[in-house]
Structure formats: C-alpha cells, structure tokens
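K.L.:
FYI, the numbering for the first sequence is 2 to 874, going by my numbering.
Some hints here could point you the wrong way.
Said to hold, decoys possible - Lysine-lysine pairs mimicking BS3-like chemistry, simulated, CA-CA at most 30 Å apart:
#1 LYS165 x LYS534
#2 LYS860 x LYS555
#3 LYS534 x LYS204
#4 LYS165 x LYS517
#5 LYS860 x LYS840
#6 LYS408 x LYS94
#7 LYS517 x LYS154
#8 LYS864 x LYS517
#9 LYS840 x LYS517
#10 LYS553 x LYS860
#11 LYS517 x LYS865
#12 LYS865 x LYS840
#13 LYS865 x LYS853
#14 LYS517 x LYS598
#15 LYS100 x LYS408
#16 LYS100 x LYS377
#17 LYS154 x LYS204
#18 LYS154 x LYS840
#19 LYS517 x LYS612
#20 LYS864 x LYS555
#21 LYS848 x LYS555
#22 LYS534 x LYS853
#23 LYS138 x LYS214
#24 LYS138 x LYS154
#25 LYS154 x LYS553
Hints in this document: simulated from the structure, not taken from any laboratory.
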Amino acid sequence: MTEPSKLPHHGVPEHQPAAGGIAARARAAAGPQYLNGLNPEQREAVETLDGPVLVLAGAGTGKTRVLTTRIAHILSQGRARPHEILSVTFTNKAAREMKLRLGQMLGQAVEGMPWLGTFHSIGGRILRIHAELVQLKSNFTVLDVDDQVRLLKQLLQAENIDDKRWPARMLAGLIDGWKNRGLAPSQVPSGEAAMFGNGKGGKLYASYQERLKILNAADFGDLLLENIRLFRENPDVLRQYQNRFKFILVDEYQDTNVAQYLWLRLLSQAPSRPGVPLSAIIPGAAGTTVIPGRIEDANPDVQSHIEESGDNEESLRDSGSALSAHPGMTETATPTASSPPKNICCVGDDDQSIYGWRGAEVDNILRFEHDFPGAKVIRLERNYRSTGHILAAASHLIAHNEGRLGKTLRTEDVDGEKVTVTGSWDSEEEARAIGEEIEELQRAGENLNDVAILVRASFQMREFEDRFVTLGLPYRVIGGPRFYERAEIRDALAYLRVINSPADDLAFERIVNVPKRGLGDATVQLLHDHARKRRMPLFEAARAVVETDELKPKARGALRDLILQFDRWRAQREVTAHTELAEIVLDESGYTEMWQKDRSADAAGRLDNLKELVRSMEEFENLQGFLEHISLVMDRDGDASDEAVSLMTLHSAKGLEFDNVFLPGWEEGLFPSQRTLDEQGRAGLEEERRLAHVGLTRARRRAKLYFATNRRIHGTWSTTIPSRFLDELPSANVEITESKGGSGWGGAGGYGPSRFDNVESFGSSYTTPGWQRAQANRNRSQGGRSGQARGGFEESQSSFSGGFSRNKRGPIVIEGELVAKSTGTVSEFSLADRVFHQKFGYGHVVKIDGNKLTIAFEKAGEKKVVDSFVERV
DNA sequence: CATATATTTATTTTT
DNA sequence: TAAATATATG
Numbered sequence: 002m003t004e005p006s007k008l009p010h011h012g013v014p015e016h017q018p019a020a021g022g023i024a025a026r027a028r029a030a031a032g033p034q035y036l037n038g039l040n041p042e043q044r045e046a047v048e049t050l051d052g053p054v055l056v057l058a059g060a061g062t063g064k065t066r067v068l069t070t071r072i073a074h075i076l077s078q079g080r081a082r083p084h085e086i087l088s089v090t091f092t093n094k095a096a097r098e099m100k101l102r103l104g105q106m107l108g109q110a111v112e113g114m115p116w117l118g119t120f121h122s123i124g125g126r127i128l129r130i131h132a133e134l135v136q137l138k139s140n141f142t143v144l145d146v147d148d149q150v151r152l153l154k155q156l157l158q159a160e161n162i163d164d165k166r167w168p169a170r171m172l173a174g175l176i177d178g179w180k181n182r183g184l185a186p187s188q189v190p191s192g193e194a195a196m197f198g199n200g201k202g203g204k205l206y207a208s209y210q211e212r213l214k215i216l217n218a219a220d221f222g223d224l225l226l227e228n229i230r231l232f233r234e235n236p237d238v239l240r241q242y243q244n245r246f247k248f249i250l251v252d253e254y255q256d257t258n259v260a261q262y263l264w265l266r267l268l269s270q271a272p273s274r275p276g277v278p279l280s281a282i283i284p285g286a287a288g289t290t291v292i293p294g295r296i297e298d299a300n301p302d303v304q305s306h307i308e309e310s311g312d313n314e315e316s317l318r319d320s321g322s323a324l325s326a327h328p329g330m331t332e333t334a335t336p337t338a339s340s341p342p343k344n345i346c347c348v349g350d351d352d353q354s355i356y357g358w359r360g361a362e363v364d365n366i367l368r369f370e371h372d373f374p375g376a377k378v379i380r381l382e383r384n385y386r387s388t389g390h391i392l393a394a395a396s397h398l399i400a401h402n403e404g405r406l407g408k409t410l411r412t413e414d415v416d417g418e419k420v421t422v423t424g425s426w427d428s429e430e431e432a433r434a435i436g437e438e439i440e441e442l443q444r445a446g447e448n449l450n451d452v453a454i455l456v457r458a459s460f461q462m463r464e465f466e467d468r469f470v471t472l473g474l475p476y477r478v479i480g481g482p483r484f485y486e487r488a489e490i491r492d493a494l495a496y497l498r499v500i501n502s503p504a505d506d507l508a509f510e511r512i513v514n515v516p517k518r519g520l521g522d523a524t525v526q527l528l529h530d531h532a533r534k535r536r537m538p539l540f541e542a543a544r545a546v547v548e549t550d551e552l553k554p555k556a557r558g559a560l561r562d563l564i565l566q567f568d569r570w571r572a573q574r575e576v577t578a579h580t581e582l583a584e585i586v587l588d589e590s591g592y593t594e595m596w597q598k599d600r601s602a603d604a605a606g607r608l609d610n611l612k613e614l615v616r617s618m619e620e621f622e623n624l625q626g627f628l629e630h631i632s633l634v635m636d637r638d639g640d641a642s643d644e645a646v647s648l649m650t651l652h653s654a655k656g657l658e659f660d661n662v663f664l665p666g667w668e669e670g671l672f673p674s675q676r677t678l679d680e681q682g683r684a685g686l687e688e689e690r691r692l693a694h695v696g697l698t699r700a701r702r703r704a705k706l707y708f709a710t711n712r713r714i715h716g717t718w719s720t721t722i723p724s725r726f727l728d729e730l731p732s733a734n735v736e737i738t739e740s741k742g743g744s745g746w747g748g749a750g751g752y753g754p755s756r757f758d759n760v761e762s763f764g765s766s767y768t769t770p771g772w773q774r775a776q777a778n779r780n781r782s783q784g785g786r787s788g789q790a791r792g793g794f795e796e797s798q799s800s801f802s803g804g805f806s807r808n809k810r811g812p813i814v815i816e817g818e819l820v821a822k823s824t825g826t827v828s829e830f831s832l833a834d835r836v837f838h839q840k841f842g843y844g845h846v847v848k849i850d851g852n853k854l855t856i857a858f859e860k861a862g863e864k865k866v867v868d869s870f871v872e873r874v
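Please take these sequences and the hints and turn them into a complete structure.
P.N.:
Okay, structure coming up:
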C-alpha cells in the first residue's frame, strides 16, 4: 500500500531486537521506568506482547494505563513503529484520553500514532483511501441520522409505502441493526427483511445502499460494513493492512458489535502464508468450546460470517506475501509459522457492557478464548478507585447477573462511607434534596468538579437543571446533543457540503430554502421529479430547470440566484482560505442574517455556535479535510475551566470517575428501564444491572442513590416503586436515609401504592411485565400496527403477489447506467412532435437544445421546458 | 408559498 | 409535556 506514513519516526529505536529471552527479562525486571508502579497483573498485561491477550479489567483497575503503557512498551522495545500499531477505542473521548496519556508518557510521539482512534474514524480513514473499490469517491460524505431518515423517507415515498405505518426512523433503525450485525442487503434473513413495509424491507435496504453510492455518501454503519466488504473483495488490500499492523489493541472490547468483530478478525489474521493450517485461523474449525454458558448457542450470524471469512482466507493463501519485517524485527519478534502473529490485545469488562441495544455483543468478549485459541487471559481485579463500601455494594449487585466471566474486585482502601439510599415523594423533591446535599458538600470544601449526577435517561436532567438554575449552582451537562447535531451547525455544514460536492442532494435539499427564498415544497418536488427522471443530482437538475419556464418567475429567479451564488463560492474556494470562505458563505447566503433577525432566546447562542464552527475549521487544512472529520470527531466543547457539577447519563459516564456520585431515579420502569425489559427481557435486565454497576463504580468516596415515589413521565404523574436493584444491594454497606427535601414522603402515610408492591417482586412477573412484553413484541414485529398479527400477515402476502407498486417506478437501474445516461444524451424528441405537458397542456416541439425543448403550446404559448416533463402523444 | 393554529404522538442510552 | 406534523388561512 502506498499510503504515506506521515509520522516522523519519533525517536523510536529501529534497531533493538526485542529478544524474548533472558536478556529481555532481565531488562524488564530492572524495568524501564514506565513499568514502575504497575501491579503484577498489569505488568503481565503490558509485557505479554505475543499472541492474543484478553485483559479483563474491572472498573477502576487501571485499564487505560495498561493500554497506554503497553503501546509505550511495544514502541520502546522496537517491536513496531507507531504507524504499525492499530489501536481502536469505542468513543472519541477514550481515543483522546489515550492520546493524551501516551503523549505524557512518550513526549510528542503521539502525532505518530495515526491508527489510534475509534472504530468508525479508522474505518472511514481506510475507506477513503480505497473508496473507488467500494463505489465511492474519496471525498464521500458521512451521513448523520437526519440525512438518513430523509433519504429513507424519499425511498418510502417512491415505493408508495405509508410512512405512518412504516416510519422512516424505524427503517433506519433496522438498517442500522443489520449493519451492526455485518449484514449486507443480500445477507439479511429474508423473513426479517420482509417484516418491514409489506415485505419490502430488504428491497428498501438495497435501494438505500444504491442511493448512497449515487450520493457519494456513507452512513455510520457503512464505515465498517463497507470496510469489511472492501477487505473481502480485495484480498490484496486486506493483506497490506494485515502486514502493516503488527499489533492490535482494542479498548472496551465488550462493546464491540458483530461488524466490528468481523473487521477485527480480518485484520488480526496473519498475513497469509503457505503452510498455515486453516484451523489455526478459523475458530469454527477448531471445535474447542472453552467457555461455559450461553456462548454455546453462538449467534448464527456470527457463525456464518466466520465461515465466510474463512473462505476468504483460504483464497488468499496461495498468493505468497512478502512479510516485510521492518529492520528492527528479529526472528523471535515474528511468531512461528504455525502460530500466526495475531498480536491482538483486547481490553474490556463484561460487567460494563452497556451497549447491547446498539448491537454490541457481549458474546464477543465471552467467546474470546474460543475465537483466538491460545489466548492469554489476564484479570485485573485490584480496584484503585472506590472505597470499600462502594466497591462491596457494586460487586454484590453485579453478582446477581448470570453469564459473566466473573471477577472479584477488591480494594485495599478504607471502607469509607456507606452507600446511601434516599427516598423522596416526587422527582422535584429529589432534585431539591440533591441540590441541598451538593451545597452542603460545597460548604464542606468539596470541589464541584468532583461531583456528578448520573441519570438513566436524559429527560431526568431537566429537573436538576431547573433546580440548579434557581440555586445558582454551576453545572455542566455532559454529552447532550452533539455540537454538530445542532440545526444551525448542520445548516452551515450543508452549505459547505454542497460547495464541496455538488452531488450531495441531501445537503442541497436542506438549505435550498434556508433562509427562506420562496423555494418551497412545490419547487423542491419539481426538482426531484426532474432529477429522478434524468438521474442527475438535484443541483444539476436545478441548473437545467432554471433555463426553462417550468417555475414561476419568482421561484425561478431565486433558484437562479442561488445557483450563481454557489458557482461563485466554488470559484472562490480556489483562492480563499476555507475559514474565510465559510464566513463569506454564511454571510452572503443570508444565513447569519436570518439568525440576527430572529429574536428568540437561543438565536444569540446559535450565532455563537456558528462562530465556534468557523473557529474550529482552523484546525484543518482545507474544506475537504474539515468535512471528512466533522461528523466523526466533533463533539461537545467542554469548558472544563470553571468549577461545576457534572450532569450526564450513566452511559456517558462510563470511563469517568468522581469523588461524589449522585444516582437519582432508581425506580422500576425507569431504572431498570421498562422498555429495555420489554425488548430484551432477561438480557435487558442484566444490561440494566450492569449500568447500575457502572454508575456505582464511578464513585471514589461517596455514592448516593435516590428514588421517588411519584414521577412525571410524559406530562402525567405516575406512581413508581423503588428499583429492584436497591433490594439487591448488600445491607451491610448501605444506609437508608431520610430525604432532606422537607415535606413529603416520611410523614404522609398516604404512600399508598402498596397494591403494586406484590405485582413486581423479582421474578414473579408473568402478570404485568410479561404480558406487556409480549404485547410490545407483537406490536413491534408488526411495525406497531394496532391490529392482530394475523390481519397484518395476510395483508403483506396479498401485496406480495400483487406486485402493484413496481410499475410506478420502472426498473431499478444500476449506477453505471445511470452515469452513462446522465451525461450528454440526445433528446428523444424530434421537431414538430406533438407533446403533452402536465401544466401547459398540448403543444408541438419547435426547438431542441439537448434536453431542453422549446414548445409551442396551444393554450400557454411558447415555453421552454425540460424533456422529462413532457411526453409524446 | 409562508405563516399560524390545531392535532397528534412519542417519549433511553450513541459511534 | 413538548416537539413534530398536518391543516387552514392569508
């Protein structure tokens, strides 16, 4: 592969062989100083460089430290150069953290770790290099959910599917799920695909993918899925990467989904060489089932994919590969032929797997030893974070889960304060109580930066915000809506996207009429019709239509102006810095003005955000580079400067720690979230429990739990009962306290929902939850339709045989043909043809100019129209 | 075509 | 409850 390595080879010794022998041992014992202070397990995790390693790192056991030290170790041992290490994390936050820590450990060498990043950013990066092999151009856009949904809506419309009954959002979710499982359109189980849109789910997925190619776009899932396809279809490309990455490190392995797993598997296989038995590479062939429990019934999807990648590997095998060991590598550095150099190290904690709903497969971590035979499993169980009581509570709670690898966290810290549980009358009182306790902590000299409130669902934050505002307590919301998800940012980006890639219909559509230019639905619809018929981008369609009389003069003028503006901006792009260009665009388009005129409360904030956006562009070399990264790595700007309480969801708290952690809302239905229970049943409950475990283990010194008896769910108040998780805490480490919020709960004996108490005790749940679950599932699988299952079934069958909707659209055309068609075709009309036009009626052709016709209409007079709008009669 | 008003409907977690 | 969407009106 020719990808230039942009890294300065920063003081990484290329010579010294890392002889695995006595010399190395001796040196290690003396110890490079970065090894100092590691406990024996950590040290083992760092120093076991060869072969697969799974590090089971419980909360607060120094996971990140192990990862970064391991990288430092690899580098300083000369086992690989920075660009030969693939290091993937799940979140940008984690990637940043690792870069930071590595930087501290190694000086500036972090610049030289080009392959340290999230799955998605690395996937995207590889994809851009080989874009043409997956029918994209290297400047493809990454679509966000909004774009996706808009696109799907159009497809649903084209298929004549009622988007009330089959919402685009739902389809987006389905497709995302398929992509998470590594399924291309042809691989989706047909039964599953047929469940959406009267059997059209699969077809919709396929045409969605087609559209993405035409739009030169990829969605999040594609960043991985298309990568997998790239590797499967181009063994030589795969081999380049297999050769390149001498070491692979994976953070939060418990959160990987099937696609990520497959991707890792492909990369972690040895660069193919003759003589490696297939069974050494393909886990399925080995038949060694190491792990107990539910791992046995492994996901069939995974199985089939493993086999596929096996085939792939086999086809690779014959072509000998030049294993280009770099100068510093000795024989011992490269494992023997019988054991491929799968130097993959995955770090994770099955007890912190909380992204199952996003397709994460806990099985991936549970099955590691099976997938990577000969793997070394190292457990990190010494917790350096929490005090005794907190750790005991967390451990005891998580012990209620089955299907875990099992770790016992221990600490040498003092017992500290007990975990407290506080009940309050309603959620307002809960917020009041927490507010007071925080003020108390503040008075006692606690730093507010060491205080966090972790909620299950983001709607809970509101009450705290309200309360803190009235108290004047500084707080900061972490992980709210992402910066680039704000409307104004996306509008601005849309302008830049259209400049950068004129075929970006979604971006164009977003801003044609923002600010208002008199180009409403009707105009856009017209452009769509033309674009579809002519198989051209909307922008081009607009260019054509402006030349005609299709539009009313007003709209036509506005559209012409817009096109001219874009032409001008595109020209300016060559001579103007991208930041300056952005300012010009925002100004000349009237976008800034639109917000300046807006007198609503948040208009000023939006203008600030726009400034912030322009400022953030400075970090990038050019517009292209900026656009490539924006959707992947832009997240909220934490002004961590001021002292403030942190307010966030449990999910976004993973990986963080605080002295004082407040955990409100421990109520049935909210904390074991009813929805998760309904959808995932037992597995869902266990995931919720892991979430609780994550919450507790964020705390260093104080963990405080709360529940309220009354909570407003959506508009209406409802009575709730304390979470079952509270019952699962060990009483020895917990203290029940009175709410300090004043009135309410203790006094009123009228806390009367005792009739619910017996309904919901653990396990005895067939009456309410079970029934609800069944119902919810039924509704869900039928796409939320209200009728009985049978009715829906018949309906979908009938429309199958009818083949009704195909006519509307004509045959699906493959991209190659589209391109051919859209460039310079000769009109199929001849002079004097009699034609019909929807709006202008009958007439005859008097002039032909490419696809533009001049027609003398009988009623409307002479008009210029586009040929796609008239038909010969 | 744009705006104001009525109605509906959905409410987790995120790369 | 509030946000998002449909409908009526200018």
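K.L.:
If a hint holds in the structure, say so; if it doesn't, say that too.
P.N.:
A quick look at each hint next to the structure:
1. At most 30 Å may separate the alpha-carbon atoms for a hinted pair to count; LYS165 and LYS534 meet this at roughly 26 Å.
2. Taking the CA atoms of LYS860 and LYS555, the gap is near 22 Å; set against the 30 Å cutoff, the hint holds.
3. Only pairs whose Cα atoms come within 30 Å are accepted, and LYS534 paired with LYS204 is accepted, the gap being roughly 20 Å.
4. Using a Cα cut-off of 30 Å, the hinted pair LYS165 and LYS517 holds, with the two alpha carbons roughly 28 Å apart.
5. Taking the CA atoms of LYS860 and LYS840, the gap is near 10 Å; set against the 30 Å cutoff, the hint holds.
6. Between LYS408 and LYS94 the alpha-carbon distance is near 26 Å, which keeps this suggested pair within the 30 Å criterion.
7. Between LYS517 and LYS154 the alpha-carbon distance is near 23 Å, which keeps this suggested pair within the 30 Å criterion.
8. The suggested pairing of LYS864 with LYS517 holds, with an alpha-carbon distance near 27 Å, which does not exceed 30 Å.
9. A hinted pair counts as satisfied when its Cα atoms are at most 30 Å apart, and LYS840 with LYS517 qualifies at roughly 25 Å.
10. A threshold of 30 Å between alpha carbons decides the hint, and for LYS553 with LYS860 the separation of about 17 Å falls inside it, so the pair holds.
11. Proposed proximity of LYS517 and LYS865 is supported: the alpha carbons are some 26 Å apart, at most 30 Å.
12. Using a Cα cut-off of 30 Å, the hinted pair LYS865 and LYS840 holds, with the two alpha carbons roughly 12 Å apart.
13. Using a Cα cut-off of 30 Å, the hinted pair LYS865 and LYS853 holds, with the two alpha carbons roughly 7 Å apart.
14. About 13 Å separates the Cα atoms of LYS517 and LYS598, which keeps this hinted pair within 30 Å; it holds.
15. Annotation: proposed proximity of LYS100 to LYS408 holds, straight-line Cα distance about 28 Å (limit 30 Å).
16. Proposed proximity of LYS100 and LYS377 is supported: the alpha carbons are some 26 Å apart, at most 30 Å.
17. Our distance criterion of 30 Å between C-alpha atoms is met by LYS154 and LYS204, whose separation comes to about 14 Å.
18. About 26 Å separates the Cα atoms of LYS154 and LYS840, which keeps this hinted pair within 30 Å; it holds.
19. Only pairs whose Cα atoms come within 30 Å are accepted, and LYS517 paired with LYS612 is accepted, the gap being roughly 22 Å.
20. Among the hinted pairs, LYS864 with LYS555 is consistent with the structure: their alpha-carbon atoms are about 16 Å apart, no more than 30 Å.
21. Between LYS848 and LYS555 the alpha-carbon distance is near 25 Å, which keeps this suggested pair within the 30 Å criterion.
22. Pair hint LYS534 plus LYS853 holds up; C-alpha atoms about 14 Å apart against a cutoff of 30 Å.
23. Restraint check: the Cα-Cα separation between LYS138 and LYS214 comes to about 9 Å, which is no more than 30 Å; the hinted pair holds.
24. Between the alpha carbons of LYS138 and LYS154 the distance comes to roughly 25 Å, so the proposed pair stays at or under 30 Å and holds.
25. The hinted pair formed by LYS154 and LYS553 meets the criterion: a straight-line CA distance of about 27 Å does not exceed 30 Å.
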